[in-house]
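Peer 1: On the provided structure of chain A, position chain B as indicated by the hints.
Protein sequence lines, in the order shown, are assigned to chains A and B.
Here my numbering is used: the first residue of the first sequence is 13, the next is one more, and so on.
Here my numbering is used: the first residue of the second sequence is 4, the next is one more, and so on.
Be a bit skeptical, because a hint or two may be false.
[Claimed, not checked] With a straight-line Cα cutoff of 35 Å, these simulated DSBU-like cross-link-like pairs (lysine-lysine) come out: (1) B:LYS100 to A:LYS67; (2) B:LYS100 to A:LYS76; (3) B:LYS100 to A:LYS26; (4) A:LYS67 to B:LYS55; (5) B:LYS100 to A:LYS78.
These are computed hints drawn from the structure, not numbers from a lab.
Chain by chain, the residues:
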Amino acid sequence: GAVVSQHPSWVICKSGTSVKIECRSLDFQATTMFWYRQFPKQSLMLMATSNEGSKATYEQGVEKDKFLINHASLTLSTLTVTSAHPEDSSFYICSAGRNVVAGELFFGEGSRLTVL
Amino acid sequence: GDSVTQMEGPVTLSEEAFLTINCTYTATGYPSLFWYVQYPGEGLQLLLKATKADDKGSNKGFEATYRKETTSFHLEKGSVQVSDSAVYFCALTSGGKLIFGQGTELSVKP
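Just chain A, same shape as in the assembly (with noise of 0.2 Å):
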């Protein structure tokens, strides 16, 4: 399958500062990503859609200030996590649509965040 990479792969953080996880999709051009937090335990919760050039769709409850995305070019998007607080410590996992209604979404392997 194709390759999607996300970095950082962990990052601690104090509490206040601001955070940037990279999505790149490395031998396809994504149209749409995907970012989703995943829980201890728990299933993947969508935050946000991006399209490339185009302002992000966020989902019902996510503070769409407080999850800044950007989707630049066709290979990459990022989410910034604005004024961290402990409680946005969690998995944060973005994925690369080439056809999403085939299932052709690939997944990076996740950055987890801890915010002190």
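Peer 2: Chain B only, in chain A's frame:
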């Protein structure tokens, strides 16, 4: 809205046992259905999929059949191995997005 419900885990089996992980869904229209697997320390991978009713997806010895009448997509494998230990997620497409079930952890003991 559309949703997916999976049986709760963890599921613990002995090697070579038969596996069933139940998945039912609620959806308007006719979604595509998927099973994803997440091995320890790794990202999610597509395991199998079915795009219409009565389709059977299969991969690595796993199978699931899209049952529209029971709105189900149960995952089965005839003989599990220790290497199958992972978390399994059932999912469906909805409005251009993937909706996941809560995941079922499978632990296979030698």
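Peer 1: All the hints need checking, so say for each whether the structure fits it.
Peer 2: Taking the hints in turn, this is what the structure says about them:
1. Proposed proximity of LYS100 of chain B and LYS67 of chain A is supported: the alpha carbons are some 16 Å apart, at most 35 Å.
2. Between LYS100 of chain B and LYS76 of chain A, the direct Cα distance comes to roughly 18 Å. Compliance with the 35 Å bound is thereby established for this hinted pair.
3. With a C-alpha separation of about 33 Å, the suggested pair LYS100 of chain B and LYS26 of chain A falls inside the 35 Å cut-off, and the hint holds.
4. As the CA atoms of LYS67 of chain A and LYS55 of chain B are separated by approximately 32 Å, the hinted pair is consistent with the 35 Å bound.
5. Between LYS100 of chain B and LYS78 of chain A the CA atoms are separated by roughly 22 Å; this keeps the pair inside 35 Å, and the hint holds.
Hint compliance for this structure: every hint is met.
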